[in-house]
Amino acid sequence: MQAFLQTLIYGVETGAIYALIALGYTMVYGVLRLINFAHGDVYMIGAFVGFYACTQWLPFKDLSQHPEAAAVNIALALITLFLSMLLCALLGITIERFAYRPLRNGFRNADAHFWGFVIALPVTAFVGAMSTTKRQGALLFAGVVIGFIMRPVMAHLTKRIKPSSSRLNALITAIGVSLILENGGINVFGADPKFIPDILPKRQFSLLGVEFNSSRLIILIIAAILMAVLRYIVLYTRPGKAMRAISHDIDAAKLMGINTDRVISFTFALGASLAGAAGFMVAAFTNIKVVPLFGLQPGLKAFVAAVLGGAGNIPGAALGGLIMGVVESLVASRYPQWRDAVAFILLIVILLVRPAGLLGKNTAEKV
Amino acid sequence: MRWLLGRIGVVVLTCAILLVANRLLIDNIKEYYISVLVLCGLYATLAVSLNLINGITGQFSIGHAGFYAVGAYVGGAWTMLMRPLVVKSLPILQTGTQLGDHLNLFIALVLGTVCAGLTGLLVGLPSLRLRGDYLAIVTLGFGEVIRIVILNMDVVGGPRGFTPITALVNDHGIPLVWVFGLLVVVVAFSRNLVKSAQGLKFLAVREDEIAADAMGVNTTRVKVTAFVIGSAFAGAAGVLYAHCQTGVNPDSFDMNTSITVTTMVVLGGTGSISGSLLAGIVLTALPELLRYDFIKDYRMVIFSTLLVVFMLTRPQGIFGHREIALPRFLRRLIRKKENAP
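Listed in order, the protein sequences are those of chains P and U.
In case it helps, my numbering puts the first sequence at residues 1 to 367.
In case it helps, my numbering puts the second sequence at residues 1 to 341.
Hints listed in this document are in silico derivations from the structure and should not be mistaken for laboratory results.
Predicted model, so just to flag it, every value in this text is computed and none were measured.
For every residue, glycine included, the Cβ atom is placed at its ideal position computed from N, Cα and C.
Do not take every clue at face value.
[To be verified] To be clear about the criterion: a stretch of chain P counts as covered by chain U if any three or more of its residues have a C-beta under 8 Å from a C-beta of chain U, and this derived list gives those stretches:
id, region
1, 92-106
2, 159-166
3, 173-180
4, 328-340
Please take these sequences and the hints and turn them into a complete structure.
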C-alpha cells in the first residue's frame, strides 16, 4: 500500500510537468488546429536557460559551503523561473511570427529583414577568423543589408504564393521548426549532457510512511500556481476571452473586431512560458541531464496527454497530463521496459473509445 | 495481345537497364556512394508507398516507420532464424550459392511484405475510423508501440539490435538491383492504380469522402486497402534495408524516420508519385551532399531551415498534384517542334 502511494505521488509529480507542457499544446491546437511539434523543444530551451542562469548568469551560491545563502538562492531561483518563462515566451512569439503566420497569411515585406538575418548567419559564420565583437558587427551589418536586398524578393513572393490551409503543411512546418531548434541546440549548446547543481536546500518529509521530497513538492506547488494563473487569464481577462472566441470560430472572431494574429501570438507566448517554466523546474529539481534532445520524449507524451484530455480543452490537458503521469509511473514501477509504450497504448484506446478525448465534445461532421 | 507484349517489353527493358546500370556503377564508384544510392532507393520506395495513403487516398498517416520495422525484422528473422532450419529439407536455399541467396531474399521479401501488410490491416481497421490530426496521432502512436514491442523482444536482440543479418553473397551491388527493382515495382503499381477504375475510388475518397460515400464507394474499405498496400510496400523496403545494412537496430525505426518519410511526401507534392520519388531521392542525398567540411556541423540546421523555407514558399510541394512523365514530355517536345517553324 505504501509503495503504491509512493508511486502515485511520483506519478502526480511527473503528471504536473506533463500537464504544464500539454497546456501549451492544447491552447495552440484550440486556436489554430495546429499540432505545434516545436513545443517540446521550447521546453528544452527553458531547461537550457535555467542551466545557464544557474551556472553563469546569476550569482548562485554553493549551498554546501554557504548554508546561510539559502534565502538568496531561493530568490534567485524565482528570478530564473521568470527568466525562463520570459525567454521561452519570446521564442514562442518568434516561432509563430516567422514560421506559422507566413504559412497562414502569406509573407509580409517586413519578413524580409528576419530572413536577411537568417541568411547572414551562415555567411558571417564562415567568413574566416574574426573576433567575437567584429563577427557580431558583421552579422548585424550583413543582416540589415541582405534584409533590404530580400525586400523585392518578398514582395514578389507575397504576390505569387497562395496561403495554404493544408494541415499536412502546417504539421511539416512545425516539424521543421522543431528540427531547427534541436539541431541548432546541438550547435549552440553542444551535445554533451549538462547538469544543474543543487541550488535549493533539500528536505525530506514523511507523511503516513510516504516520502516527500521538498524539491519535488516545489514542482507541484509552482505547477498548481501557474495553472491557476492560466485559468484566471483564460476565463477572466480580455485576451483570454478573445482566445476562447477564436477557438470557437476564428472567422466570426475576426468579424467581431478581434485582432486574431495578436491573440494567437499571445496564446503562443502563454503556452511557451508554461513549457519554459516546466523545463527549468525539471532540470533544476530532478537532477536530470540536460541535452538538446531533452524535449523530445516529454513533448510527445505531453502532446498525447493533451489529446487524451481532448485537444483544445484546457482543463482536459491538465487532467490528461495527470492521468498520463500516474499511469506511467504505475506501469513503470512493475514493468519498466514498457514505460514509453504505455502512453501510446493509452492514447490509442482512448481515441478509439472516445475520439474527442476525455473532456472533449463530440461534434457532428457538417456536410 | 499488343497490350501484353508492351507490358512484357517494359519489364524486360527495365530489368536490362537495372542490370546494365548495376554493372557500370559497381566497379566504378565507391562503397559509400553505393550505400547512399541504396538508401535513396529505399526512402523513395517508402515515400511512394506512403504517398498511396497520404497523397492518393488523402489520409494522414505519420507512423510509416513501424511497418518498415516489421518488414525489416520479419525478413531478418527469416534469414537468420528460420533459414537454417528450412535449409535441411530444402537444400536449394543453401547459403553461399547465388541461387540460394537470391531465392532466400525473395522469400524474405514475400514474408516481410505479407507480415507488414497484415500489421497494416490490424492497425488500419480500428484507426481509420478517425480523421485528420487524430488519425495522424494514432498512427504515430502505433509506430512507436511497434518499435517498443520490438525493443522488448529478446529473440531479435531487443535494444542491442538484430545483427548480423548476412544473406547476400558478397557480390556487392546486388542489393542495388533488388532495391531499385522494388522501387520500380512500387512506382508502377501506384501509377497503374491511379490510372485504373479502382484507383478512381481512392481519388474520390481524397477529394470528398462524403460525396464518395454517397456515390456508393465503400470508403472504409478503400481506406483500409490503401493502408494495407502502403504498409506492405514499406515492409518490403524494410526487408531490403535489413539485408543491405547486414543488421538492424530498433533505433533506426523511431519517430524521426516516420517524419522524414512524411516530409518527403509533402515536399514532393501530396498525390504526385513522381514528386514523392524525387523528394525521396533528393532528401536522402541532400544531407549527404551537405557533408562538406566547412558546413558539416551545421548541415542538419541548414537542412531543417530549408525545409521550413520550402514549406513557406511552395506549400503545394514540388509538383502539387501533377506528375512528370517521360512519354508526355516527349510528345510535348515533338509537338513544339512541329509548331515551331
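Hints and how they fare:
Against chain U, the region 92-106 of chain P contributes 3 residues with a C-beta closer than 8 Å to a partner C-beta. That satisfies the three-residue criterion, and the hint holds. For the region 159-166 of chain P, the stated coverage by chain U is satisfied: 5 residues place a CB nearer than 8 Å to a CB of that chain, which reaches the threshold of 3. Counting residues of the region 173-180 of chain P whose beta carbon lies closer than 8 Å to any beta carbon of chain U gives 6, which reaches the threshold of three, so the coverage claim holds. Only residues whose beta carbon comes within less than 8 Å of a beta carbon in chain U count, and the region 328-340 of chain P has 3; three or more means the coverage holds.
Every hint, counting from the list given before, is met by this structure.
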